[in-house]
Each structure stands twice: as C-alpha cells, then as structure tokens.
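Protein chains in written order, with my numbering: chain A, 1 to 271; chain B, 1 to 271; chain C, 1 to 271.
Don't read these hints as lab results, they were simulated from the structure.
Even for Gly, the Cβ is constructed at its ideal location relative to N, Cα and C.
Among the hints, erroneous ones may be present.
[Claimed, not checked] Partial pick of chain C residues on the chain A-facing surface, computed with a CB cut under 8 Å: (1) Met33; (2) Asn34; (3) Cys42; (4) Leu46; (5) Glu162; (6) Gly165; (7) Gly172; (8) Glu173; (9) Phe251.
[To be verified] Short derived list, chain B residues pointing at chain A, Cβ under 10 Å: (10) Ser8; (11) Gly71; (12) Ile238; (13) Glu241; (14) Phe246; (15) His260.
[Claimed, not checked] Derived list of chain A stretches under chain C, where covered just means 3 residues or more per stretch with a C-beta under 8 Å from a C-beta of chain C: (16) 62-74; (17) 162-175; (18) 181-188; (19) 238-244.
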Amino acid sequence: MKAEEIRSLIRENLEKVAETRPLVHHVTNYVVMNDTANLTLCLGALPVMAHAREEVEEMAAQAKAVVINMGTPSPAWEESLLLAGKTARRLGRPVVLDPVGAGATSYRTRLALRLAEEIRPTVVRGNAAEISSMLGLEGQIRGVEALSSPDDPAQLARCAAEKLGCVVAVTGERDAVSDGERTYLVANGHPMLGRITGTGCMVTTTVAVLLSPGGPVLELTAGALALFGLAGEEAARIAGERPGAFRLELFDSLHRLTGHIPAGRLLVEKA
Amino acid sequence: MKAEEIRSLIRENLEKVAETRPLVHHVTNYVVMNDTANLTLCLGALPVMAHAREEVEEMAAQAKAVVINMGTPSPAWEESLLLAGKTARRLGRPVVLDPVGAGATSYRTRLALRLAEEIRPTVVRGNAAEISSMLGLEGQIRGVEALSSPDDPAQLARCAAEKLGCVVAVTGERDAVSDGERTYLVANGHPMLGRITGTGCMVTTTVAVLLSPGGPVLELTAGALALFGLAGEEAARIAGERPGAFRLELFDSLHRLTGHIPAGRLLVEKA
Amino acid sequence: MKAEEIRSLIRENLEKVAETRPLVHHVTNYVVMNDTANLTLCLGALPVMAHAREEVEEMAAQAKAVVINMGTPSPAWEESLLLAGKTARRLGRPVVLDPVGAGATSYRTRLALRLAEEIRPTVVRGNAAEISSMLGLEGQIRGVEALSSPDDPAQLARCAAEKLGCVVAVTGERDAVSDGERTYLVANGHPMLGRITGTGCMVTTTVAVLLSPGGPVLELTAGALALFGLAGEEAARIAGERPGAFRLELFDSLHRLTGHIPAGRLLVEKA
C-alpha cells in the first residue's frame with residue numbers, strides 16, 4: 001500500500017473513532033497512565049485504566065481495543081495483564097502489547113515472552129532492544145531506553161513477527177513494521193520524542209486506538225506510527241527544544257491531525 | 001439561596017482556605033493523583049495522597065476534608081478507602097465519595113455501594129451513569145465516561161440523595177445537586193472538560209476543598225461545581241480546542257478565580 | 001568552595017551526564033513518577049521506575065544513581081525501597097533518600113529511619129519537618145508540607161548529618177546542606193515552587209542526577225539545590241503566579257540551564 005492509501009485508511013478510522021467513541025482499555029504502568037489516557041481522548045476514543053482481577057475481564061470485554069503495557073510490572077499485576085489481553089483476543093478484539101524494558105532485567109524479558117505467548121497479541125510495539133531481547137538477541141538497553149538503533153530495523157521487525165506470530169513494530173530513529181512477510185518503513189519522528197517520558201507508550205496507545213474500528217493491521221500500525229511521528233515533528237516546530245512546551249504541543253498536534261492530515265507528510269514506504 | 005449568595009459563600013471559604021491551608025487527604029486513583037494534588041494547591045489547600053492501612057487513619061484524622069475516589073480499585077485498596085472515609089466521618093469532617101466507573105463493572109457497582117453505606121459520605125459526586133447504577137437503574141457508561149445525560153438530572157440527584165442519605169451531585173452537560181429535599185441546577189461548564197482525563201475527579205477535589213472550612217453542604221457543593229465549570233469556560237476561551245493547552249489553562253483559570261470570581265458568572269439556580 | 005567553583009562543578013557534571021546518559025533508577029511515589037521521569041530527561045539522564053522485588057536489585061545495579069522516595073509508602077513497597085538502595089550502596093553508587101511526609105504519621109517516621117539506617121544513603125533530602133522528625137524533634141508538618149521554616153536550617157542540617165552519617169539537605173525558604181562538619185546555605189528558589197506538587201521530589205531527583213558522574217557530594221548537592229531553585233526563579237519570571245504555566249516553564253528553565261548557567265546566579269555560600 002502507498003503512503004497516500006495509508007493516509008486514507010488512517011483518516012477513515014479516525015472518523016469512525018470520532019463517531020463511535022470506542023472504549024480503549026489499558027492495563028498499563030503508573031508513569032504514563034495519565035498521559036496515555038489524555039492521548040486516547042486526543043484521538044477521539046475513551047480511555048479506561050483498570051487492573052483488578054475482579055473486573056479486568058469484564059472491562060476488557062467492553063473495549064474495542066486493549067493495551068497491555070508492562071512498564072512497572074509486579075507479580076500482582078501479571079495476572080491482570082494476561083486476563084485483559086486474553087479476554088480481548090477471545091472476543092476477536094485487537095490487543096497491542098508494549099514490552100517496556102524487556103532486556104533490561106531478566107524478569108521483564110521473561111514476562112514479555114509470557115505475555116506474547118499466552119495472549120497472542122495483534123501487535124507488539126517496542127524499541128529495538130526490547131524486541132531483540134524477545135528474540136534472544138542482545139539489545140543495548142538502559143532502563144527502558146534503547147541505546148542504539150539497529151542497522152536494519154526492518155529485518156528485526158520481520159524476524160520478530162515470524163517468531164511471535166503477529167505484527168511487530170520496532171520504533172526508533174526509523175520505525176519498521178512487519179507481519180513477517182511484508183514490511184513497512186516509517187520515517188516520521190523527531191529527536192525531541194526521546195526527551196520526554198512515555199512517548200513509546202503513547203505510540204502503543206495510538207496504534208490501539210487506530211486498530212479499534214478494524215481494518216488491515218499492518219498498514220494501520222504503520223500509519224499510526226507515522227501519524228504519531230508527524231505530531232512529534234509539528235510539536236517540535238512550535239516548541240523547539242523546550243521539553244515542557246513540546247509535551248503540551250505533542251497532544252495538541254496529534255489532536256489537530258485527527259481533523260486534517262496534510263497530504264504527503266506520512267512517510268511510510270514498503271521495505 | 002441565590003447565585004450571588006452562593007458566590008459569597010464560595011469566596012468566603014476560598015479566603016478561609018487561603019488563610020488556614022487545610023490538609024485535604026486523598027485516597028484516589030493512579031491516573032489523577034498528580035492532577036488532583038496540583039488542583040488542591042491551585043485552590044490554596046494542601047494535598048496529601050496516602051493509602052497504606054498502616055497510616056491511612058492517622059493521616060485522615062489530620063485532614064479537614066477527605067476524598068474517597070475508587071478510580072483504579074483493587075481489593076488491596078478497599079480497606080484503605082473505607083478506613084480513611086470512616087475516620088473522617090467519625091471526626092465530623094466532610095468526605096466526598098467519587099464512585100468512578102460504577103456501572104461499568106459489577107465489581108465497581110458493588111464497591112461504590114459498599115463505600116457509600118459504610119462511610120456515609122457527606123457528598124457523592126458522579127456522572128449520570130455512575131449515580132444511576134448506585135440506584136439499581138441502568139446507566140449508559142463506557143469505561144468511566146457517561147454516554148448520555150439524563151433527561152432530568154435533578155430527579156436523579158434527588159432520588160440518589162434520598163436513597164444514599166447524603167448530598168448527591170450529578171455532573172454532566174448540566175449538573176444537579178440535591179439533598180433529597182432541595183435541588184440546585186448548575187449550568188457552568190464546557191465540552192472541552194470531556195476532552196481531557198480526570199475532570200470528574202477534579203470536580204470532586206474542588207468540592208472537598210470548598211467543604212473543608214465548613215458551611216452549608218448543599219450550596220457549597222453547587223458552588224464548587226459552578227466554580228469548576230466556570231474555570232473550564234475560561235480555559236476554553238483561551239485554549240480553544242487544544243486539549244494540551246486547555247489542561248494547562250484549566251489549572252490557571254481555577255487559580256485566578258480563587259482571587260476573584262466575576263459577578264453573575266456562577267450559573268446556579270434552584271430546580 | 002565558592003559559588004563560582006560550585007557552578008563549574010555542576011557544569012562539568014551536566015556535561016558528563018549529557019555525554020554518558022546515565023541511568024537513574026527511581027523507587028518512588030505514584031504522584032511524581034511522571035514528573036520526575038520527565039525531569040531526569042530534562043537534565044540529560046535516563047530515568048527508570050521499577051519496584052518489583054523480582055527485578056529491583058538487577059535494575060539498581062545498572063543505575064549510576066538511585067532515588068529512594070517514600071511518598072506513597074506501603075508495606076509491599078518497603079522491601080523494594082530497601083533492596084534498591086542497598087544494592088546501589090554496595091556497588092558504591094550514590095543513593096538519595098527522600099523521606100516524604102516523615103513526621104506526618106508514625107508509620108512514615110519509622111520507615112524513614114529504617115531506610116536511613118539500613119541503606120546508609122549518600123544524601124537525605126527533606127523539608128524541615130521531615131528532617132526534624134528523623135531527629136526525634138518536633139516539626140510542623142501537614143501531610144507532606146512543612147508549615148514553617150526553622151530559624152536555623154543550617155543547624156538542623158548539621159545535626160541530622162551527624163546523626164544519620166551522611167550529607168543532609170534541608171530545603172525550604174532557605175536551604176541548608178551539611179555533612180556534619182561543613183555546611184552550605186542556598187538562597188535560590190521561589191514561593192511558586194510551593195504551589196505545584198512534587199517540587200521536593202524533583203529536587204531529590206536533581207541531586208541524584210548531579211551525583212551520578214561522581215565528585216564531591218556536599219558541594220554537588222548544594223549546587224543541585226541552587227540550580228533547581230534558579231530554575232524556579234526563571235520559571236516564575238515567565239509564568240508569574242499561574243501554576244499551570246509555572247509547571248511547564250520549570251521543566252523548560254531547568255533544561256535551558258543545563259546548556260548555560262549564567263554567572264553569579266547560583267546563590268551558595270558557606271554557613
């Protein structure tokens with residue numbers, strides 16, 4: 001699919017989101033709960049954060065998409081991450097897994113693999129180090145930040161997609177999204193996105209919102225990455241190197257883009 | 001009471017808050033902890049967030065008002081919500097209960113009713129779906145967002161106040177506050193308040209801060225809703241449809257209003 | 001050391017941070033996780049928030065500095081606070097302890113003392129009431145806010161440093177930092193810093209980031225306090241009394257100061 005076709009897809013799904021206001025259920029980390037709830041609203045959907053085993057299945061069953069984000073994991077939350085993800089998949093709803101910090105500790109690497117295996121998510125979205133660690137490869141990670149971009153993110157995404165049996169998005173300087181057979185490269189983005197916390201988690205939420213009305217997963221994921229990266233570019237144009245202002249403008253740019261995505265600005269191409 | 005009298009009441013209590021800097025203890029959800037702490041400070045009071053059973057009673061006993069907000073509930077927190085609320089009530093301090101997401105899952109509905117019954121809060125503040133679910137009525141809720149305003153929020157508030165034995169505030173397009181006998185309608189507010197997360201929780205905090213110096217609960221609650229809604233109007237005047245900017249301006253507008261509430265802008269009237 | 005020498009020290013360490021991007025591991029409270037992660041990034045370092053016993057030692061072992069902040073404590077987190085702190089100390093890395101709310105409840109006072117005794121942190125940073133409570137003295141605290149500045153913060157810092165066997169920073173209207181023998185006073189700061197939540201926790205993070213490349217602990221701590229206070233002054237110059245705008249500008253001012261600290265603005269002197 002060409003960039004302009006992907007732009008049409010994204011616009012269509014944003015319109016459907018605006019009309020139907022789908023619920024996007026997050027079982028996510030403490031750091032980004034507020035940011036990703038606000039981002040979900042920016043995109044037109046309705047967020048809910050719920051994690052208790054007593055309700056997590058009932059909540060997930062009502063959602064049009066579910067985010068499983070293991071950013072501040074603990075054994076008490078593992079069951080909730082699993083239950084929400086499995087419930088949504090059983091109902092045929094998209095689940096986006098964010099293996100935050102996989103590779104940084106053995107606990108996180110194991111948990112990421114367990115979540116991927118047991119949930120069978122629709123999409124896994126991580127940085128190069130996180131995705132590498134899920135393949136048993138060595139990634140360079142410091143806490144939750146990948147230290148380097150791989151020479152070939154497309155290859156990494158493709159291998160991971162094959163192994164994990166789902167669409168995999170590797171985000172970094174350049175993003176790659178693959179279903180194991182076809183792969184897209186996304187060139188949108190801005191270095192300022194690495195200067196505020198939670199932008200990886202925000203991309204994951206953006207993917208989930210855009211998948212919620214249905215449609216081709218691979219192209220919608222690539223388009224979501226491009227859209228979020230473009231919002232980063234626009235925010236940086238306004239805020240420059242001021243991280244506080246950039247954070248505010250990132251929300252506003254993304255919201256503005258839901259109304260109108262300028263032609264030729266989504267930089268997506270087949271690898 | 002007329003709107004101008006309620007404005008005087010609110011001004012008086014804001015002045016008392018500025019002078020005495022009361023502690024407002026929150027047992028609340030992860031998503032809004034930061035926002036409601038900042039809001040409490042904007043209004044001149046001092047926030048504290050504490051939930052451990054080991055300290056929650058000691059902390060609540062020092063507070064001039066307590067917020068009980070079940071937005072990200074779990075069994076481990078239930079006891080803390082109860083203990084904080086009951087301690088404050090035993091000492092005659094106002095407690096505002098926010099039954100976030102009641103009606104969305106059976107766990108939340110049960111928990112909301114249990115908190116209302118065991119704590120006997122001063123005020124319950126929720127959207128129409130949350131309050132309806134506490135009456136055993138059907139509400140339309142998606143996650144934590146009410147999908148529709150009831151035809152008659154005044155009636156809903158009145159019934160709920162009778163059943164729950166306390167002041168009930170139903171917020172939405174139009175707000176209603178009732179003690180079961182007398183009911184006020186509040187017309188302040190702006191659609192942008194539905195475009196950022198946590199504004200319901202922020203209203204709840206605003207009520208708690210304004211009740212902390214004492215005074216007529218029904219009128220202070222209606223006034224708090226009007227004040228917060230007015231802050232939303234002012235923020236939207238500056239920020240337009242930019243959610244990031246709106247969020248910043250909401251805090252600043254509310255803070256500015258603590259110094260001066262223009263005459264004729266609090267839209268409160270008897271139902 | 002004179003203020004200008006301390007300024008050189010701070011500049012040097014900020015440059016090292018920018019080059020090496022050290023990991024700063026936080027075991028911290030729910031309210032400030034997002035803010036302190038963003039602050040860490042503003043200063044050029046990489047934040048990670050992790051608390052599970054299953055990974056907290058492995059994460060702390062990778063960090064160049066660790067923040068132990070007990071702002072929303074519970075028994076389930078005590079072990080994690082201890083393990084992270086002890087791991088870092090065993091490896092000779094700086095640990096900054098923030099005894100949030102010590103003195104407000106007996107649980108917090110006991111926990112603060114336990115953390116100080118068992119971790120043997122490099123620096124303890126608190127307000128006057130928190131530090132007083134750790135000495136068995138009476139402080140005036142309401143929730144997590146000290147109600148008054150001591151007449152002599154330098155004496156308080158000195159006594160606490162002697163008792164706790166580490167550098168102690170007492171922050172308030174005027175800050176004092178002591179190692180028990182030498183004491184610095186810091187006059188930077190602005191009242192607006194008391195009008196948004198989490199600024200105490202942000203100072204603690206600033207100290208941790210500045211200690212991460214190594215160097216004289218006492219002077220770096222005093223310099224970090226001055227730098228953060230100066231950011232508050234600059235933010236207030238732009239935002240005035242608007243708390244929302246102030247919060248945004250605080251991040252941006254601090255980030256701007258990492259590039260250039262104007263001469264003569266760090267107000268640090270020997271007591």
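Do the hints match the structure? See the list:
1. Met33: The hint holds - methionine 33 of chain C has a Cβ within 8 Å of chain A, the shortest such distance being about 5 Å.
2. Asn34: holds (5 Å)
3. Cys42: holds (5 Å)
4. Leu46: holds (5 Å)
5. Glu162: At 35 Å from the nearest chain A Cβ, glutamate 162 of chain C fails the 8 Å test, so the hint is violated.
6. Gly165: Because about 29 Å separates glycine 165 of chain C from the closest Cβ in chain A, which is outside the 8 Å limit, the hint is violated.
7. Gly172: violated (25 Å)
8. Glu173: Cβ of glutamate 173 of chain C sits 25 Å from chain A, so the hint is violated.
9. Phe251: Status holds, d = 4 Å.
10. Ser8: violated (35 Å)
11. Gly71: holds (8 Å)
12. Ile238: violated (13 Å)
13. Glu241: holds (7 Å)
14. Phe246: Holds, about 9 Å.
15. His260: violated (26 Å)
16. 62-74: holds (count 4)
17. 162-175: violated (count 0)
18. 181-188: violated (count 0)
19. 238-244: This one holds; 4 residues, not fewer than the three required, reach chain C with a Cβ under 8 Å.
Hint compliance for this structure: hints 5, 6, 7, 8, 10, 12, 15, 17 and 18 are not met, and every other hint is.
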